[in-house]
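Work out the full structure, taking the sequences as your base and the hints as a guide.
Next come the chains, spelled out residue by residue.
Number of protein chains: 2
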Amino acid sequence: MEATEKDILRGGQFLVKETKCEDVFTPEDFSEEQTMMKDAVMEFNEREIIANKPRFEAKDYALTEEVMRKAGELGFLGVAVPEAYDGLGMGFVSTVLTCDYISSGTGSFSTAFGAHTGIGTMPITLYGTEEQKQKYVPKLATGEWFGAYCLTEPGAGSDANSGKTTAELSADGKSYKINGQKMWISNAGFCSLMIVFARIENDKNITGFIVEYDKENPNGITLGEEEHKLGIRASSTRQVFFNDTVVPVENMLAGRGEGFKIAMNALNVGRIKLAAACLDSQRRILTTAVTYANERKQFKTPIADFGAIKTKLAEMAASAYAGESATYRAAKNIEDRIALRVASGNSHQEAELKGVEEYAIECSILKVAVSEDVQNCADEGIQIFGGMGFSEETPMEAAWRDARIARIYEGTNEINRMLTVGMLVKKAMKGHVDLLGPAQKVQEELMGIPSFDTPDYSELFSEEKEMIKKLKKAFLMVAGGAVQKYGQNLEDHQQLLIAAADILIEIYMAESAILRTEKNVKRTSEKEQSAQIAMAKLYLYHAVDIVEEKGKESIISFAEGDEQRMMLMGLKRFTKYANYPDIVDLRIEIAEKVKAENKYCF
Amino acid sequence: MEATEKDILRGGQFLVKETKCEDVFTPEDFSEEQTMMKDAVMEFNEREIIANKPRFEAKDYALTEEVMRKAGELGFLGVAVPEAYDGLGMGFVSTVLTCDYISSGTGSFSTAFGAHTGIGTMPITLYGTEEQKQKYVPKLATGEWFGAYCLTEPGAGSDANSGKTTAELSADGKSYKINGQKMWISNAGFCSLMIVFARIENDKNITGFIVEYDKENPNGITLGEEEHKLGIRASSTRQVFFNDTVVPVENMLAGRGEGFKIAMNALNVGRIKLAAACLDSQRRILTTAVTYANERKQFKTPIADFGAIKTKLAEMAASAYAGESATYRAAKNIEDRIALRVASGNSHQEAELKGVEEYAIECSILKVAVSEDVQNCADEGIQIFGGMGFSEETPMEAAWRDARIARIYEGTNEINRMLTVGMLVKKAMKGHVDLLGPAQKVQEELMGIPSFDTPDYSELFSEEKEMIKKLKKAFLMVAGGAVQKYGQNLEDHQQLLIAAADILIEIYMAESAILRTEKNVKRTSEKEQSAQIAMAKLYLYHAVDIVEEKGKESIISFAEGDEQRMMLMGLKRFTKYANYPDIVDLRIEIAEKVKAENKYCF
Ligand SMILES: Cc1cc2nc3c(=O)[nH]c(=O)nc-3n(C[C@H](O)[C@H](O)[C@H](O)COP(=O)(O)OP(=O)(O)OC[C@H]3O[C@@H](n4cnc5c(N)ncnc54)[C@H](O)[C@@H]3O)c2cc1C
Ligand SMILES: Cc1cc2nc3c(=O)[nH]c(=O)nc-3n(C[C@H](O)[C@H](O)[C@H](O)COP(=O)(O)OP(=O)(O)OC[C@H]3O[C@@H](n4cnc5c(N)ncnc54)[C@H](O)[C@@H]3O)c2cc1C
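Protein sequences, first through last, are from chains C and V.
Add 3 to the 1-based position in the first sequence for our numbering, that's all there is to it.
Add 3 to the 1-based position in the second sequence for our numbering, that's all there is to it.
In case anyone wonders, no lab produced these hints; they're calculated from the structure.
Some clues are possibly wrong.
Intra- or inter-copy, both count: the list cannot distinguish identical chains.
As the list claims (entries may be wrong) - Taking lysine-lysine pairs in the DSBU-like style, the calculated list, with each CA pair at most 30 Å apart, reads:
1) Lys444 x Lys433
2) Lys575 x Lys472
3) Lys218 x Lys472
4) Lys579 x Lys444
5) Lys136 x Lys303
6) Lys530 x Lys180
7) Lys488 x Lys579
Structure (structure tokens):
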């Protein structure tokens, strides 16, 4: 499938352009190669990770390193790395699916894996010189060396560019001396290479360096003790202290002062991968939960037969399904855009960088949505297990603890929420996505007389797709109104930004679930896809509620009097179904399917 | 304040009777004695529990026992116990406030305390014979002995009456022999007395026994190893095995087959106490969070100044405030009803039993609402701390783990949700609460022409109180509709029961917050109470959203066509503000107050 510039949505454009179901990639579109990769990774996960679960929970850091080493031997650490640097050179979708299926055994491994392959390796593949890549990437791709990423400091977390670590050029101009303290560094305990960010003189922006680390010859680097954490217990997390650490000048990444850009772009890729890393956890939690619920009897009834439990199973399934739909949709958009850029003469490096940057909005959306979904899923998993869910003998409590970190690292979910809307507004200003035109149309529609036609919604998803269009109008109305009111100061109105982000997130997720299902119905049948149809409808129904809630709160806050009334009426129109779906029935249908298959089966 | 039968709402009646603000008890009404008790308990908590927090987290079970012993020496274990049995003989409000302020240091202690004073002691004080009380209660009230409660079995959790443990009468008729396996028994590791439920022959219902336990002379009792749990790490939780354990016949509690009733009533009291036990945790989490947020700077700004953080602080405060309001309101209702029954000739024992039973609906509401609020509060607490929230060095992660159990034990929140509505329907059938009349009125109102008057809402809370009335109508419409449609089979429609419960819960909580604030405004001023007013309004606003969401989902599921349309229109009317409050501003006001005081200050 050749992608042309025309076909591919630009990042953020989903909001104003209708996407045809044929144009989204779905997990059902995996190629043979991708399916083989998935099977290999799943097998690895079962054998090396899940089988050793208790050891990870007992803080066996050495095991994490050992399993990472094995992953390297099998090529899993180099999926995204070009063959020229001893990687597998596979596409972005394969990268994402590896991340997905390798991450569900334990958050300890998934963090080590994510930190190494993502923020530990990507700064070099994306920004490194040919020499740097030749020298380091093969070692990282094969697991001979492990990477860590040293950005955060005690005083610099979300405000990553404010770090105090310094890099001072030597008198002979041949090296930098790094001094400072980094904290929360994943993989610190067993890495051989660190991507370190430090400030040169009084630069506005930090600079990135590749720093080798050899325990035998520490070059001024010392490590703190392992941090004791709520979850991901066997993931090595330490402080790292640099005391006159000497780094040759040729180890600077990109140019002086380019570090902040590197840091942010590495995080962009990290975000969609982190979303992926939560997906198989959700599937696995649901499978474990339904298996238990089918077996556990109370009141002479398998608890899976109780409505209270069915609701949980259905909601868990629907959110996992939407998460998959959106993640693979975005992954393929990125892959296509990389291909397009390569075709038009960009280097692979440049193409990958720009490809991911283009979809930074979607990456943030995914990070927030899926990290919260997996948390809820684990929470309900505990509840389904009752008292047993609280025991370390069953897998739910660890899943719940491990999930908690995903809402904090790679940018907290607050920061990511604000980023989505912030980036979108910027894209609109730059003319990369035309929001103004559509927003004005919505404004006009608000003033106009609503149509009282009852449209024909007999075709599958016709009402749902109309609803998605309306939700997009709701977003444009709300965000547009806020921009008009507060202009440049919108940033100071975080509550509004966050509410707008919530709307945006729901639209992307719900639309993705619907498009995936529509595509699959076209190649199979409504009957075969009936549970998927139910999940897409259920997800959308909640999305509509959230849009209404967040929209209302926002409108009330920035508009008054007639304007407020008009916008609230518009919101009502944009969130109104002609035929309300019965979500009680939808949930039962989904739950019955999951119960019958005794697993997440989509 | 003498209470007369007329003054006091019956349990569940809050739904159909308007409560005046003068008729609710609030934490601001604490007597001098109660305030002294509160101070003493807080001091104990600081000194004995919080100061030793790391030891509790390190599973120091012996410490839990030791601190329980000290609590006994100070009388804290006997607050509710009549002086005749060496207790303090204080009222129900004092019992609840002790539970509140002693429980926030760690869930490990609060579980030990709750299990001992509640389900471990109450079955004897509520159902014991004079001899049994004389023999055992003083020991329990002073902490000479500790109690455990053995109801749950591997196969009998929510379905508590299905246990397989047996009690067989000896040939000489002098004793019972108990055989069976209990699990999840709190305090098992250091108790001297167990309330054990077992079945005699093929009885439909189980029977309660007082079983002494002496490690030196175990009488067929063996304990499993300590369970390793997600939270409440230093709370002893073990399996208990009975192997021909001999219990004299005079240790049977109440009559044969009365065990299930005992178990359920002990849990009723347990539930409001469990709610109380979550309150000070919420306060403490908020205080810790705001202190951190005031200190922690990112982007050269204390994070407490960011809208994203203000939202969290405000929502945390509002939910804690509503939780307090509702818990003490119900506690005093119970205390008054006990007093009333004593005044009309009941024994204290009988009076207490009936008093608590009367408010079983409120107890379940509180258990669900407050256990979920403290979970959310801890969750946001972690998020405010960012990466530090994930570290065992800061108190948020333990609070989050410990909170998780409250949604599982004392009846899972699913079971309690269904109970609230189930009990209410039963009360209506029995004529104890007239729901039918009011429900019919709502029905008529739905058919009638809505009034288009714009009422005068200038007085404080006039619109909010009108809104509460409307939400009650919404409940009657939804629950009434469901009862009409499904009649006796309503039980099979758990999704509806749960949605109705959510509505009921929100009404009780929101109303309690409003009434408390109104009462306090009357004795101080609107200015002094402005943050409280904001919290009551904020809480109500969310309650309205929840009622709308849950109501809509229910109506769509059980009604069709014109009936559905009519009810949805009714729901819209019942959830519509004339003047929408700006919750963005409300949150800012609340957050500014909390920030300025640097603590939960209400
Ligand atoms: C287990 C673990 C592993 C980690 N691994 C790595 C790693 O390998 N490499 C690395 O460099 N870092 C790593 N981190 C650090 C992580 O990226 C940071 O914790 C995260 O970016 C948040 O920063 P912080 O902890 O300083 O929180 P803060 O930035 O102090 O944030 C505290 C709170 O304030 C909010 N906040 C902050 N700024 C704003 C704002 N402008 N507006 C609104 N709200 C705001 C946040 O959302 C959060 O709720 C790791 C952290 C953990 C816990
Ligand atoms: C740390 C801890 C301490 C405890 N302490 C004690 C103690 O001191 N004494 C004691 O006797 N017990 C104790 N318990 C047991 C506790 O009360 C039970 O765990 C609880 O009642 C739930 O029972 P279960 O675990 O068997 O779950 P189950 O009853 O198997 O429930 C599993 C799931 O099914 C749902 N479910 C069950 N029945 C229904 C239904 N009819 N309709 C809809 N949903 C349903 C539940 O809500 C839950 O989500 C403790 C438990 C723990 C974890």
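Each hint, compared with the structure:
| no. | hint | in the structure |
| --- | --- | --- |
| 1 | Lys444 x Lys433 | within (20 Å within a copy, 59 Å between copies) |
| 2 | Lys575 x Lys472 | both (14 Å within a copy, 24 Å between copies) |
| 3 | Lys218 x Lys472 | neither (57 Å within a copy, 70 Å between copies) |
| 4 | Lys579 x Lys444 | both (19 Å within a copy, 28 Å between copies) |
| 5 | Lys136 x Lys303 | neither (63 Å within a copy, 37 Å between copies) |
| 6 | Lys530 x Lys180 | neither (66 Å within a copy, 59 Å between copies) |
| 7 | Lys488 x Lys579 | both (26 Å within a copy, 25 Å between copies) |
Of the numbered hints stated above, those contradicted by the structure are hints 3, 5, 6, listed in ascending order.
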